[in-house]
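Residue numbers (our numbering), protein chains in the order written: chain A, 53 to 698; chain B, 53 to 698.
Source of the hints: derived by calculation from the structure; they are not laboratory data.
One thing to keep in mind: the hints can contain errors.
Which copy? The list can't say, so a pair holds if one copy fits it or any two copies do.
Below, a list of computed lysine-lysine pairs in the DSS-like style, where the Cα atoms sit at most 25 Å apart [said to hold, decoys possible]: (1) Lys648 <-> Lys598; (2) Lys598 <-> Lys571; (3) Lys352 <-> Lys658; (4) Lys353 <-> Lys212; (5) Lys406 <-> Lys483.
2 protein chains.
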Amino acid sequence: MGQEKLQLLALGNVTIKDDFWSKYTKLVTKEIIPYQWEALNDRVEDAEPSHCIENFKVAAGLKEGTFHGFVFQDSDLAKWLEAVAYSLSYEPNEELEKLADEAIDLIGMAQEEDGYLNTHFTILMPDKKFCNLKEGHELYTSGHFMEAAVAYYKVTGKDKLLKIMEKNADLICEVFNRPRYKNAVPGHEEIELALVKMYEVTGKKAYLDMAKEFIDRRGTEPNYLVTEHEREDYVDIFRDPNPFNPLYSQCHKPVREQDTAEGHAVRAVYLYSAMADIAYEYQDKSLMDACEALYNNIVKKRMYITGGIGSSGAYERFTTDYDLPNDRNYAETCASIGLAMFTRRMAQITGDAKYIDTMERALINTVLSGIAMDGKSFFYVNPLEVWPNNCLDHTSMAHVKPVRQKWFGCACCPPNIARTLSSLGEYIWFKTSDSIWLNLFVAGAIEGEINGIPTRLEVKTKFPFDSNVEIKVTARESVKGRLYIRIPSYAKDPVLRIGGKDVKLKIEKGYGVIEETFKDQVINLSFDMPAHFVYANPEVRENVGKTAIVKGPLVYCLESIDNGENLSNIYVDTSKPLVEEYREDILGGVRTIKAKGKRLKASDWKGDDLYSREPVGLKDVDLTLVPYCNWGNRGSGEMMVWIKEC
Amino acid sequence: MGQEKLQLLALGNVTIKDDFWSKYTKLVTKEIIPYQWEALNDRVEDAEPSHCIENFKVAAGLKEGTFHGFVFQDSDLAKWLEAVAYSLSYEPNEELEKLADEAIDLIGMAQEEDGYLNTHFTILMPDKKFCNLKEGHELYTSGHFMEAAVAYYKVTGKDKLLKIMEKNADLICEVFNRPRYKNAVPGHEEIELALVKMYEVTGKKAYLDMAKEFIDRRGTEPNYLVTEHEREDYVDIFRDPNPFNPLYSQCHKPVREQDTAEGHAVRAVYLYSAMADIAYEYQDKSLMDACEALYNNIVKKRMYITGGIGSSGAYERFTTDYDLPNDRNYAETCASIGLAMFTRRMAQITGDAKYIDTMERALINTVLSGIAMDGKSFFYVNPLEVWPNNCLDHTSMAHVKPVRQKWFGCACCPPNIARTLSSLGEYIWFKTSDSIWLNLFVAGAIEGEINGIPTRLEVKTKFPFDSNVEIKVTARESVKGRLYIRIPSYAKDPVLRIGGKDVKLKIEKGYGVIEETFKDQVINLSFDMPAHFVYANPEVRENVGKTAIVKGPLVYCLESIDNGENLSNIYVDTSKPLVEEYREDILGGVRTIKAKGKRLKASDWKGDDLYSREPVGLKDVDLTLVPYCNWGNRGSGEMMVWIKEC
C-alpha cells in the first residue's frame with residue numbers, strides 16, 4: 053500500500069496468440085458465447101432450460117407467464133453480456149453486438165421505474181423486494197449487471213446499460229441507507245466489487261462509499277443476516293431446514309477481524325476482492341491486513357494444489373485448516389475464478405508476484421478444468437480424484453460429475469468462465485505510467501505506453517510446455533522506463549538476456565525489473581522448469597504417503613484411459629526420473645509426463661472375499677500423466693492427482 | 053431350505069453372565085430403559101425433546117396440543133416397550149412393568165375405532181391416512197408396535213397390546229387389499245417381518261399372506277411408490293427437492309430379481325429379513341435365492357470390516373460395489389442391527405454358520421460402537437476413521453459425530469440398540485426338538501430341552517479376549533441328541549474335548565456337531581485366535597496400501613489418546629509381531645494390541661507452506677490399538693481402523 057496501484061490494460065490493446073491459452077480463449081467467441089445465448093433462450097436440446105431471457109420478457113410485460121429458475125437466474129445474462137463486451141474488444145462482431153444491444157434494451161424494459169432490476173422479485177414477489185438479503189441474491193445480480201455495464205461501456209463506448217445500472221445503483225445507495233436497512237449486507241457478496249467498478253467509470257463517490265459501508269457492516273452487531281428471518285416482512289426462499297450459519301456468508305465477525313477463510317467459497321473470495329479494492333481506495337491498513345491474513349490462510353492451509361477452494365460439497369464451502377479431501381470436495385470453478393480476482397487485486401496493490409503465482413495456479417488448473425476442450429460442456433465441481441462408479445445421484449457424492457455437463461439449471465460457472473477467459477488480458481499485463489508488468493507468459497502483443505510514448509511489446513513463448521520467453525519491445529521513440537517480468541517461484545536458475553547478452557537479474561517482489569531506455573529491444577527470459585514431485589504438508593491427512601507431479605504451474609494427473617482401471621492400485625516411484633514427452637496425438641497436443649511405478653497385482657487376490665489375511669504383491673508399471681486442466685476430455689474414466697508413492 | 057428351521061429360545065430360559073457382553077446388556081436395564089423413558093417423556097435436560105408420550109396423550113384426547121417430532125416418532129415408544137418386554141424376561145421389575153402397562157393403556161386410548169394407530173396422522177392429518185406410503189411411516193410404526201406386542205405377550209403373558217395390534221393388523225390387511233391400494237407397499241419396510249411375528253403368535257394366516265403380498269408387490273408394475281405423488285390425495289411430508297429414487301426403497305425391480313443391496317441400508321435389511329421369513333414359510337426357492345444373492349453382495353462387496361453398511365451419508369444408503377469410504381460413510385447402528393436380524397434368519401433357515409460370522413461381526417463391532425460404555429450416549433453413524441476437526445455442521449461431514457450424542461431428535465438407534473441387547477439370548481442360541489445350537493461364545497446358561505428332556509447348559513468363557521469355551525451339559529436324564537457349536541471362520545486349529553478327552557471334530561456348515569447321549573458332560577472347545585493383519589480386496593480403492601488389525605470377531609483401531617494427534621501420519625509395520633496386552637486400567641478392562649510402526653516426522657516440514665518439493669522422513673513408533681466397539685469412550689479424539697502399512 054502507499055504505492056501506486058498497478059493498472060489493467062484496456063483489453064482492446066491486448067492480443068493473445070498462444071498455443072496453450074488460445075485453445076481456450078478461442079472457444080469463448082466460437083462456442084461459448086453463441087452456445088450460451090442459445091441456452092439463455094432455452095434453445096439447447098438435452099439441457100435444462102435456463103428461462104433467463106423469458107423471465108426478462110415476462111418482467112418487461114412483453115410476454116405472459118411467470119418466473120422460472122433460480123432466484124439468481126438473471127445473473128447469467130449479466131455474465132454473458134460481460135463476456136460479449138470483452139470479446140468485442142478483440143473480435144468485433146456486428147451481429148453479436150446487435151444481440152447484446154437488444155438484450156440491453158430488454159433489460160431496460162424489465163427495469164422498474166425506481167431503478168429496481170430483478171425479474172424474480174418483479175414477477176413473483178413484487179412486495180418482497182430486499183426482504184431476504186440472505187438468499188434473495190438481488191444485490192448479487194445487480195453487481196453482475198454493473199460489471200457487465202462497465203465492461204460494455206469501456207469496450208463499445210455505449211452507455212445505455214451503464215445508465216440503467218447507475219439508476220439501479222442510485223436506488224441501492226438510497227435504500228440501503230434507510231434506517232430499515234441499518235447494518236444490512238447482502239448474503240452473497242458481489243455488489244461491493246461491482247460498485248467499486250461503477251465508481252471508477254462514473255466517478256460517483258457514493259458508490260465507493262456504499263461498497264465500503266457494506267464491507268464495514270459485515271459481521272458487526274446488530275447482525276442483520278443472523279436475525280433477518282425474524283422480521284415481519286421476511287420471505288423464505290431456499291427452505292433450508294438447517295438454521296442459517298453466519299460463517300456461510302462471512303458474517304460471523306467483522307471483516308477486519310477475520311483471519312480464516314470461511315463459508316461459501318465463491319462468496320468469500322468475492323468479498324475479499326472488494327475488501328482489497330476498498331483497502332486501497334481508502335488506504336485502510338487494517339482492511340489490507342485482513343486481506344493478507346485471509347490470503348495466507350487460503351494458500352497455507354485451505355487450498356488445493358490445483359488452486360481449487362471449498363472442501364465441502366454441502367454448502368460449497370471452506371471447512372477447516374488442512375481439510376483437503378480429494379474426491380468429495382467442491383472446488384467450484386467460480387471459486388477459483390474469484391480467487392484469481394482476489395489475488396490479481398492483491399498483486400495490483402502490492403506489486404508482489406507471489407499473488408500471481410496463486411492466480412496462475414487457479415486459472416491454469418481449475419478454471420481451465422472447468423471447461424471441455426470443445427467449449428461445449430462444463431464442470432462446476434473440480435475434484436482431484438474421480439472414480440465415476442461412486443459419483444451417484446442421491447448420495448453424498450452426487451455433486452461430483454465424472455463428465456462435464458452441458459448447461460446447468462444453476463448456470464453460474466459456464467458464463468463465469470467465459471467472462472474470465474475473454475478478459476484474460478487483464479490478468480496477463482499490468483501497467484503504471486512509466487512501467488509495464490508481465491504476469492503470465494502468454495504469447496501475443498500489447499500496444500502500451502511508457503511515460504506517454506506508445507510502446508509495443510510482443511511476446512513469443514511456448515509456455516507452459518517450454519520455459520523460454522522472448523519479449524520484443526518497440527517504442528515509438530526512445531523512452532526511459534521499467535519493464536517488470538514475473539519470475540515465478542517455480543522458475544529454477546532464471547537467466548535474463550537483453551539483445552542476446554546476459555544481464556544481472558534484479559528481482560523485486562518476484563518480478564525481474566528491467567530499467568532501460570526502451571526503443572527496440574529483444575529481451576529473453578529463460579528458466580528451468582522440469583517436471584517434479586510435490587508433497588503436501590503432513591497436516592493434510594488426505595495426502596500422507598502420496599505425491600503429486602507438477603511442471604511449473606501445471607498440475608498433472610493420472611487418467612484411467614492411459615493407465616488402466618483402478619488408479620488407486622497404483623504407486624509412483626519417486627526415486628525414478630520423470631520423463632516429459634510431447635504428444636501431438638492427444639488432447640490437441642500436450643506435454644505428457646512418464647513415470648515409473650508399481651501396481652497391485654489385483655488378479656492375485658484369492659477368491660472373491662472382501663477381506664483376507666493375504667495381501668497381494670506389486671508389479672512394475674509405466675505411468676502416463678496429463679495436465680489436470682485437460683482431464684475428462686476423452687470420455688468418462690478415473691482421474692487422480694495425488695498418487696501413493698513407493 | 054427344506055430342513056426344519058432352527059428356533060429361538062425363550063429369553064426367560066437364557067441367562068447371560070459374561071465379562072464382555074454383560075457390560076453392555078446390564079446397561080439396558082440400568083441406564084437405557086430408564087433414561088429412554090425419561091426421554092420419551094421430555095424430561096432429559098440438554099437433549100432434544102422427543103414429544104413421543106405427549107403425542108400419544110394428545111391423540112388420546114387426554115391433553116390439548118398438537119403433534120411434534122418426526123412422522124415416525126411413535127416408533128420410539130414401540131422399541132422401548134419391546135426392550136422392556138425382553139428385559140422383564142431376565143430381570144423382573146414390577147415398577148417398570150407398571151409403566152409399560154400404563155403406556156399400553158395410553159396406546160389403546162390413542163388407537164382409533166377402526167384400529168388405526170399413528171399419532172402423527174390422527175392429530176395432524178386425519179384425512180391423509182395412508183396417503184403417503186413413501187414417507188408416512190405408518191406401516192413401519194405399526195410394525196414396531198407389533199414386534200413390541202409379540203415380545204410383551206411372550207414374556208408377560210399379557211395380551212392387551214397384542215389385541216390392540218391385532219386390530220391394527222386386521223385394518224391393514226383390509227385396507228391394503230382394497231383396489232385403491234393395488235400394488236401398494238410401504239416406503240420403509242418393517243411391517244413385513246412384524247406381520248410374520250404376529251402370525252407366529254396368533255396363527256392368523258392372513259397376516260402371513262399380507263406380508264408375502266407386500267414382498268411380492270415391491271418393485272413390480274404398476275410401481276405404486278414411483279407414481280404415488282401423482283395421486284390426488286397425496287400429501288408431501290419430507291419436502292425433498294430431489295425426485296424419488298426407487299432404489300432408496302428397494303422398489304427398483306421385483307425383489308426376486310434383486311441381487312445388489314441398494315438404497316437406504318436399514319430399509320434394505322429389514323426387507324431382506326422379511327424375505328427370508330417368507331421364503332421359509334412358503335418354501336419359496338426363488339425368494340431364498342434372492343436372499344442369498346443379496347447377502348453375498350453385501351458381504352463380498354458392500355460391507356465394512358466392522359459389519360457396518362451404508363456408504364453414503366446422504367440418504368443413508370448403499371452406493372456401489374467396493375465403495376467403502378472410511379470417514380464420510382453412514383454405517384448406521386440400526387443398519388447393523390438389521391443385518392444381524394437378516395443373517396440370524398438366514399442361519400435359522402440354512403443351519404449355516406457363515407451367516408453367524410457376519411451377524412457376530414455386526415453385533416460386536418458396529419452395534420456395540422453405537423452405545424457409550426456408560427449407556428448414556430449413542431452413535432447413529434459409525435465411521436472407520438474420524439478426525440473431529442472436520443466433522444462440522446453445515447458441511448458434507450455434518451452427519452459424522454466425533455462424540456456420541458445424548459438423544460437424537462430422530463431417535464431410532466438408541467431404542468433399537470436397547471431391544472437388540474436385551475434380546476441377545478435370541479442371537480446366542482438356537483434349538484430344534486433334538487438339538488441345541490451355540491452361536492456366540494457368551495458366558496451364561498440356558499434351560500433347554502433335548503427330545504423333551506430338560507437340559508441345562510452352562511457356558512464359561514472369557515471370549516473374545518480368550519478363545520477357550522467350556523460347556524457343561526446337565527440333562528435331567530440321559531438323552532440322545534445333538535449339540536452344535538459354531539466353529540468361527542477365524543478359529544485356527546480348533547480342538548474339541550469331551551470329559552477332558554480330545555474328540556475328532558465333525559464340522560457341518562461351520563458348526564461342530566456333537567452327537568451324544570447327554571447327561572453330565574463337560575465339553576471344551578478351544579482354538580487359536582491371535583491378533584492379525586487383514587487386507588481389503590484391491591477393488592476397495594479406499595484401503596489400498598492399508599491394513600486393519602483384528603482379533604477374532606473384534607476389529608481394532610487406533611485412537612489419538614493412545615497414539616498422539618494425526619493418526620494419518622502413522623504407518624504400521626506388518627512384518628513385526630502384534631503383541632496382545634490385557635489392560636485393567638482402561639475401558640473397564642480390555643485386551644489391547646501393541647504394534648510397531650513409523651510416523652512422519654512432521655516437525656521436519658520446512659516452513660508453513662502447504663506444498664513442497666521436500667518430503668519429510670519417518671521415525672519409529674510403538675502403536676496401541678483398542679477394540680473398535682470401545683472407541684470414543686475417553687473424550688473426543690481421532691480414530692482410525694485402516695492404517696497405512698510400511
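Original post:
Checking Lys406 and Lys483: alpha-carbon separation at most 25 Å within a copy, between copies, both or neither?
Top reply: Answer is within: at 17 Å inside a copy they meet the 25 Å cutoff, but 75 Å across does not.
Subject >> Within, between, both or neither, where Lys352 and Lys658 count as close if Cα-Cα is 25 Å or less >> reply: Cα proximity of Lys352 and Lys658: across copies only (13 Å, versus 44 Å in one copy).
Subject >> Within, between, both or neither: Lys353, Lys212 at alpha-carbon 25 Å >> reply: neither (45 Å within a copy, 63 Å between copies)
**OP:** Tell me, please, which holds for Lys648 and Lys598 at an alpha-carbon limit of 25 Å: within, between, both or neither?
**Re:** Cα proximity of Lys648 and Lys598: in one copy and across copies (15 Å, 21 Å).
Original post:
Is it within, between, both or neither when you check Lys598 against Lys571 at 25 Å Cα-Cα?
Top reply: neither (50 Å within a copy, 63 Å between copies)
Comparing the model with each earlier hint shows violations of hints 2 and 4; every other hint is respected.
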